[in-house]
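Q: Assemble the complex: chain D is given as a structure, and chain G must be docked to it using the hints.
Number of protein chains: 2
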Amino acid sequence: MAEQVTTLAAERYPAVDLVFHPQCFLSTGHFAGSDALRAASFVEIANDATYHALWFGRGGYGSCRIAEDALGKLTEAARGKLYLGYSDGGALLGGLYAMGFGDVAHGPMPADITRTGGEAAVARALAYLADRSPDGLEPSVASAGKTAAFNMMTFSQLIGTPLQPDLTGHVLMLEEVSEYMYRIDRSLFHITSNPAIRRVAGIRLGRCSAIPDNDPDFGQSEVEIAQHWCRVSGIPYLGRADIGHDAGNKVVPFGGLRTA
Amino acid sequence: MAEQVTTLAAERYPAVDLVFHPQCFLSTGHFAGSDALRAASFVEIANDATYHALWFGRGGYGSCRIAEDALGKLTEAARGKLYLGYSDGGALLGGLYAMGFGDVAHGPMPADITRTGGEAAVARALAYLADRSPDGLEPSVASAGKTAAFNMMTFSQLIGTPLQPDLTGHVLMLEEVSEYMYRIDRSLFHITSNPAIRRVAGIRLGRCSAIPDNDPDFGQSEVEIAQHWCRVSGIPYLGRADIGHDAGNKVVPFGGLRTA
Numbered sequence: 003m004a005e006q007v008t009t010l011a012a013e014r015y016p017a018v019d020l021v022f023h024p025q026c027f028l029s030t031g032h033f034a035g036s037d038a039l040r041a042a043s044f045v046e047i048a049n050d051a052t053y054h055a056l057w058f059g060r061g062g063y064g065s066c067r068i069a070e071d072a073l074g075k076l077t078e079a080a081r082g083k084l085y086l087g088y089s090d091g092g093a094l095l096g097g098l099y100a101m102g103f104g105d106v107a108h109g110p111m112p113a114d115i116t117r118t119g120g121e122a123a124v125a126r127a128l129a130y131l132a133d134r135s136p137d138g139l140e141p142s143v144a145s146a147g148k149t150a151a152f153n154m155m156t157f158s159q160l161i162g163t164p165l166q167p168d169l170t171g172h173v174l175m176l177e178e179v180s181e182y183m184y185r186i187d188r189s190l191f192h193i194t195s196n197p198a199i200r201r202v203a204g205i206r207l208g209r210c211s212a213i214p215d216n217d218p219d220f221g222q223s224e225v226e227i228a229q230h231w232c233r234v235s236g237i238p239y240l241g242r243a244d245i246g247h248d249a250g251n252k253v254v255p256f257g258g259l260r261t262a
Numbered sequence: 003m004a005e006q007v008t009t010l011a012a013e014r015y016p017a018v019d020l021v022f023h024p025q026c027f028l029s030t031g032h033f034a035g036s037d038a039l040r041a042a043s044f045v046e047i048a049n050d051a052t053y054h055a056l057w058f059g060r061g062g063y064g065s066c067r068i069a070e071d072a073l074g075k076l077t078e079a080a081r082g083k084l085y086l087g088y089s090d091g092g093a094l095l096g097g098l099y100a101m102g103f104g105d106v107a108h109g110p111m112p113a114d115i116t117r118t119g120g121e122a123a124v125a126r127a128l129a130y131l132a133d134r135s136p137d138g139l140e141p142s143v144a145s146a147g148k149t150a151a152f153n154m155m156t157f158s159q160l161i162g163t164p165l166q167p168d169l170t171g172h173v174l175m176l177e178e179v180s181e182y183m184y185r186i187d188r189s190l191f192h193i194t195s196n197p198a199i200r201r202v203a204g205i206r207l208g209r210c211s212a213i214p215d216n217d218p219d220f221g222q223s224e225v226e227i228a229q230h231w232c233r234v235s236g237i238p239y240l241g242r243a244d245i246g247h248d249a250g251n252k253v254v255p256f257g258g259l260r261t262a
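Chains D and G, in that order, give the protein sequences. Numbering of the first sequence is given in my numbering, commencing with residue 3 and proceeding in unit increments. Numbering of the second sequence is given in my numbering, commencing with residue 3 and proceeding in unit increments.
The shape of chain D in the complex, shown without the other chains (with noise of 0.2 Å):
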């Protein structure tokens, strides 16, 4: 996988120097290394001013599990770069974002090489690391002032806790995968009844995608279910995010649209 991404990277992004951490080919029980190593590998990278992003390898799970230790020991030098990824990366952005960090994106990772039309996907985030495309932009965002984008769940489980950013006048994209329909209902419950979401200046809906079937059956699609809380709560719904678990998972700057 991560040859694949370096001889992609190689052929179409010659500038781009692309070095994987040891750390991504470990294997500790449910996780790519402990805690303690997730977490020292990640301040490594942050914290080194000659690296200009910091890009997620992949989601699955873990990252809530080093936030607090490791972004408490981030320097200045952290502040500088691009943090691109998604998924259970989600609650890493977050905070780093909650954290006033002004370069942080959501989008395509090197393990979506491994998904059908992944090169493009890949490509995309590469081209938004090399010169900051504005290509593989979800399409919303060049007209959206300010932006955020989360997996739902994941964004759910930093509510109420110092990872959750300030996204007061945001457009808010939420995306899902593999979760009950009942489940995206109890998740856009949480997000749209905490006050502070409240006042972002509007939700998009990505993709939710590999829904188990629910029985009986929900009765509400997920755009149903986005337009219910959306009016239960006062937030405007904006309609559907170009972002998803899939390759055509565009890239959304947090805070809206940098030029490099």
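Honestly, the hints are just simulated from the structure, not real lab data. Note that the structure is predicted; figures quoted are calculated from it, not measured. Don't be surprised by glycine CBs; every beta carbon is placed ideally from N, CA and C. Treat the hints with caution; some may be incorrect.
Said to hold, decoys possible - Here are some, though not all, of the chain D residues that point toward chain G, as calculated from beta-carbon distances under 10 Å:
(1) SER29
(2) HIS32
(3) PHE33
(4) PRO141
(5) GLN159
(6) ILE161
(7) LEU165
(8) TYR184
(9) ARG185
(10) SER189
(11) ARG201
(12) GLY221
Stated by the list, open to error - Where chain D lies over chain G, by a calculated footprint (3+ residues, C-beta under 8 Å):
(13) 100-112
(14) 249-255
A: Just chain G now, with coordinates in the frame of chain D:
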């Protein structure tokens, strides 16, 4: 089910005049009636001073959908009664306790009659409803001071909403069912990372049942996970709680021991 519970109540607790609201028998997609109808039924019974208790019929999913609407319509009469239930009902129990309702308890529901040994669970609840029998109380309640109990995921998704009660100084008991170990971990990250929750007197872990297999194995038991997050958050881990999604589920009054 209602018949079985009614018979049991008549035989063993003839002083209890048990009334099933017709809404309990409705079916609208995923729910026992529309949101409007379920909210109206809840409010009708809650605000009727001739009822001494409101007993949630079952869990599942949906109480968060009616919480904001229903709780907003409660009158003084609603404060004078006991509310008993668990699981999904935690959204309303939490909201009621957040509003200062003094007689809220986590314990078995009529639907538990269908479990193996379920009669004992229902009898335990009836004993508490009838005369606050201490026999069915979770054993640590007697000496715990203030207490509260929730399903983990239900409680996680109340964090940062108006339904989150102030549990300062409370022993917080948490149980879970049918969640992957990594999700138990993530929920406990979430709950213990909330600054207000860090003011609880301690956490007791209820039973975590029907945990689907994690591949690879998560590498930690639910007790180790709870101990981990208690250590990280500085919350005392107080051991196990005799609650869970099972017939052994004991009664936990919110705020601590009450007598009839």
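Q: So, against the hints stated earlier in the document, which numbers end up violated here?
A: Of the numbered hints given earlier, those the structure breaks are 4, 11, 13 and 14, listed in rising order.
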